[in-house]
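So the chains spell out like this:
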Amino acid sequence: MSGYRWGNMHNLREVKTLFDLDEINKAQEDGNIILFKERVHHPSMWINRYVFRNRKTGKYESEQGRGYTQQYTCDYVLSYSYEDWEEVLFTRCYLRNVDFQYGAYVIPGDVKVNEKLYIENLIEDLYAGNFWNGHFFSEDSDARWDGKDLVHDERIIPFVG
Amino acid sequence: MLIIKDKKIYKDDVLLKEIHCPNKINQSELQNSGKDFVCLSCNKKIINTDFLNEDELVRILLKDKNTCMSINPLNPLFRNT
Numbered sequence: 001m002s003g004y005r006w007g008n009m010h011n012l013r014e015v016k017t018l019f020d021l022d023e024i025n026k027a028q029e030d031g032n033i034i035l036f037k038e039r040v041h042h043p044s045m046w047i048n049r050y051v052f053r054n055r056k057t058g059k060y061e062s063e064q065g066r067g068y069t070q071q072y073t074c075d076y077v078l079s080y081s082y083e084d085w086e087e088v089l090f091t092r093c094y095l096r097n098v099d100f101q102y103g104a105y106v107i108p109g110d111v112k113v114n115e116k117l118y119i120e121n122l123i124e125d126l127y128a129g130n131f132w133n134g135h136f137f138s139e140d141s142d143a144r145w146d147g148k149d150l151v152h153d154e155r156i157i158p159f160v161g
Numbered sequence: 001m002l003i004i005k006d007k008k009i010y011k012d013d014v015l016l017k018e019i020h021c022p023n024k025i026n027q028s029e030l031q032n033s034g035k036d037f038v039c040l041s042c043n044k045k046i047i048n049t050d051f052l053n054e055d056e057l058v059r060i061l062l063k064d065k066n067t068c069m070s071i072n073p074l075n076p077l078f079r080n081t
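The listed protein sequences derive, respectively, from chains R and G. Numbered per the numbering used here, the first sequence spans residues 1 to 161. Numbered per the numbering used here, the second sequence spans residues 1 to 81.
Hints may contain errors.
As the list claims (entries may be wrong) - In silico DSS-like links for lysine-lysine, alpha-carbon gap of 27 angstroms or less:
id, chain 1, residue 1, chain 2, residue 2
1, G, K63, G, K45
2, G, K8, R, K116
3, G, K8, G, K35
4, R, K16, G, K35
5, R, K116, G, K24
6, R, K16, R, K116
7, G, K5, G, K65
8, R, K116, G, K45
9, G, K5, R, K116
10, R, K116, R, K26
11, R, K37, R, K112
It is worth saying that the hints were derived from the structure and are not from the lab.
Isolated chain G, as found in the complex (with noise of 0.2 angstroms):
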């Protein structure tokens, strides 16, 4: 379970990261590429987190806390506190 506080993503209090956006991009901005995103405003890729089990996205966020994603609020394995 990752848990998000102030928009901050922790998994066991370890910061992962912060969810900011510089552009403020929401969902109807982004454009499908496969199972993620390409974002229209800056052309980076935008991973989608409802195809990503628990290890694969802590790999990806320990290797570049910068990473963008795509973060279902309904999905199980995250939770808002």
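Chain R with its partners taken away, still in its complex shape (with noise of 0.2 angstroms):
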């Protein structure tokens, strides 16, 4: 359950994320167009959680769920058995945790309409996939300028070649 960082793979100019007003406003001042953007979470970003207790030692231990594939195996392991652990809580946890709500991409003044460019830093949330048991969010994204906003590149496809 991690962030993922794409990075600058094709040396596009740079989106500055802000979230101090007075930042945002001296950006404006020096030209740059300012997209507010808000977090919303993502369906997919939410992730099982127990809690589970041992039914003979009463130590409590949390996991995504009793058991996971494993890789190259494809086989279920369970880890938590009925017989040994009791489930003493369920609950949904979100991927990614950070402490905005909202922030501001600082757009260069002279972009042009269907420009790429890279966003070092994500305001929303951009499920990037996952990998057997992970789960990823995207930390960085490029992302195309239409004029009026920015839209993000589809990556959760994996290369083929």
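Reconstruct the complex from the two isolated chains, following the hints.
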């Protein structure tokens, strides 16, 4: 359960991310385009979380489920059997925990329509995909300026070739 | 750890493979075939690297660098730079 950084692989011009209004106003005065964005929870970024208690020892442990699918073999491995572990709590946790609800992107004032830019620090919650039992969100993104908004690249598709 | 740079796969600075498809196939154009895939465009087998460890993958590519494969960029076996 973690963030994934793609990097500026195409050497694109960078979009800065700001949260402080004084800095945002200054960036606007300097001729940049300001684009405010809010964080909206992504439905794929809610992850199951259980707390189990060992029936013999009383020890508590927390995991995404009673078992997992093992890489390579595809076997389901039961780590917390009903016989040995009782379920104490089930909840849903959100993958990305940050201390802001909104922010602003600072886009170069001379940006051209359809120009691709690189956002180093994403405001929005963008699901990157999963690998076996792990889920990831994007920390950065390439995005196309459509004249009004930044349209993020879809990047969860694997490379084929 | 295998390094992916400019769609090329390296191991210790040795170029193993260039990720390139002349037909520009994406995942939706592949048919499942056990753990791997079959390309619906050219009928070639596409190896799903999710099921390979590093040694297996390097061995396959040293034998044939034109082997077609599907690579999940979130696989910790790879690092995009």
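27 angstroms Cα cutoff - pair K116 (chain R), K24 (chain G): holds, 21 angstroms
K5 (chain G) and K116 (chain R) were given as a pair; does the straight-line alpha-carbon distance stay at or below 27 angstroms? holds, 19 angstroms
Run the distance test for K37 (chain R) versus K112 (chain R): straight-line Cα separation, threshold 27 angstroms. holds, 20 angstroms
Are the Cα positions of K63 (chain G) and K45 (chain G) separated by 27 angstroms at most? Holds: K63 (chain G) and K45 (chain G) sit about 16 angstroms apart, inside 27 angstroms.
What's the verdict on K5 (chain G) and K65 (chain G), does the C-alpha distance respect the 27 angstroms limit or exceed it? holds, 16 angstroms
Pair hint K116 (chain R) and K26 (chain R), alpha-carbon separation not exceeding 27 angstroms: It holds: about 24 angstroms lies between the C-alpha atoms, which stays within 27 angstroms.
Within a Cα-Cα threshold of 27 angstroms, do K16 (chain R) and K116 (chain R) meet the stated pairing? Distance of about 14 angstroms is within 27 angstroms: holds.
Check the hint pairing K16 (chain R) with K35 (chain G) against an upper bound of 27 angstroms on the C-alpha distance. violated, 42 angstroms
Does the structure keep K8 (chain G) and K35 (chain G) at a Cα separation of 27 angstroms or less? holds, 23 angstroms
Check the hint pairing K116 (chain R) with K45 (chain G) against an upper bound of 27 angstroms on the C-alpha distance. Distance of about 34 angstroms is beyond 27 angstroms: violated.
Within a Cα-Cα threshold of 27 angstroms, do K8 (chain G) and K116 (chain R) meet the stated pairing? holds, 22 angstroms
Checked against the numbered hints listed earlier, the structure breaks hints 4 and 8; every other hint is satisfied.
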